[in-house]
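A.B. asks: Sequence:
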Amino acid sequence: MRIDLVDGRRGRTLEVSVAPGDMGRVIGRRGRIANAIRTVVRAAGAKDGAEVDVDFVD
1 MRIDLVDGRR
11 GRTLEVSVAP
21 GDMGRVIGRR
31 GRIANAIRTV
41 VRAAGAKDGA
51 EVDVDFVD
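Numbering (the numbering used here), first residue to last: 1 to 58.
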């Protein structure tokens with residue numbers, strides 16, 4: 001797993017790179033785990049006054 005921080009027009013984006021075999025585990029059924037990760041990261045960013053998004057990359 002590798003995480004890169006990218007500054008863009010919409011704020012900061014965390015790009016999470018995982019192995020193709022692990023992508024299903026990270027995303028979860030119907031994207032529930034991925035959505036939960038995004039929610040926690042956005043809440044932590046909002047607490048610090050930053051707009052942060054999470055993208056999962058192959």
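Note that these hints are calculated values from the structure, not bench results. Please read these numbers as outputs of a predicted model, since none were measured by experiment. We put the beta carbon where it would ideally sit given N, CA and C, even for glycine. Some hints here could point you the wrong way.
[To be verified] Restraint-style ranges between C-beta atoms, simulated for each label pair:
{"id": "1", "residue 1": "L5", "residue 2": "R29", "range": "16 to 22 Å"}
{"id": "2", "residue 1": "V40", "residue 2": "R2", "range": "27 to 33 Å"}
{"id": "3", "residue 1": "V57", "residue 2": "R30", "range": "18 to 24 Å"}
{"id": "4", "residue 1": "G24", "residue 2": "I3", "range": "16 to 22 Å"}
{"id": "5", "residue 1": "N35", "residue 2": "L5", "range": "18 to 24 Å"}
{"id": "6", "residue 1": "P20", "residue 2": "D48", "range": "17 to 23 Å"}
{"id": "7", "residue 1": "R29", "residue 2": "R9", "range": "18 to 24 Å"}
{"id": "8", "residue 1": "G28", "residue 2": "G49", "range": "18 to 24 Å"}
{"id": "9", "residue 1": "A50", "residue 2": "R2", "range": "17 to 23 Å"}
{"id": "10", "residue 1": "G28", "residue 2": "A50", "range": "23 to 29 Å"}
{"id": "11", "residue 1": "P20", "residue 2": "A50", "range": "17 to 23 Å"}
{"id": "12", "residue 1": "G21", "residue 2": "E51", "range": "14 to 20 Å"}
A.B. asks: Determine for every hint whether it applies to the structure shown.
C.D. replies: Hints and how they fare:
For L5 and R29, the Cβ-Cβ distance of about 28 Å falls outside the hinted range of 16 to 22 Å, so the restraint is violated. Checked against the hint of 27 to 33 Å, the C-beta distance between V40 and R2 comes to roughly 19 Å, which is inconsistent with it. At roughly 20 Å, the beta carbons of V57 and R30 sit within the given window of 18 to 24 Å. Evaluation of the 16 to 22 Å hint for G24 and I3 yields a pass: the beta carbon distance comes to about 19 Å.
At roughly 20 Å, the beta carbons of N35 and L5 sit within the given window of 18 to 24 Å. For the pair P20 and D48, the supplied restraint of 17 to 23 Å is violated, since their beta-carbon distance comes to about 33 Å. Look at R29 against R9: about 32 Å separates their beta carbons, and that is not inside 18 to 24 Å. Taken as a hint, the range 18 to 24 Å is violated for the pair G28 and G49, whose Cβ atoms sit roughly 29 Å apart.
Roughly 21 Å separates the CB atoms of A50 and R2, a value that falls within the hinted 17 to 23 Å. Hint check: G28 to A50, Cβ distance near 25 Å, so the stated range 23 to 29 Å holds. For P20 paired with A50, a C-beta distance near 30 Å fails the hint of 17 to 23 Å. Distance hint for G21 and E51: a CB-CB separation of about 32 Å, inconsistent with the stated range 14 to 20 Å.
Hint compliance for this structure: hints 1, 2, 6, 7, 8, 11, 12 are broken, all remaining hints hold.
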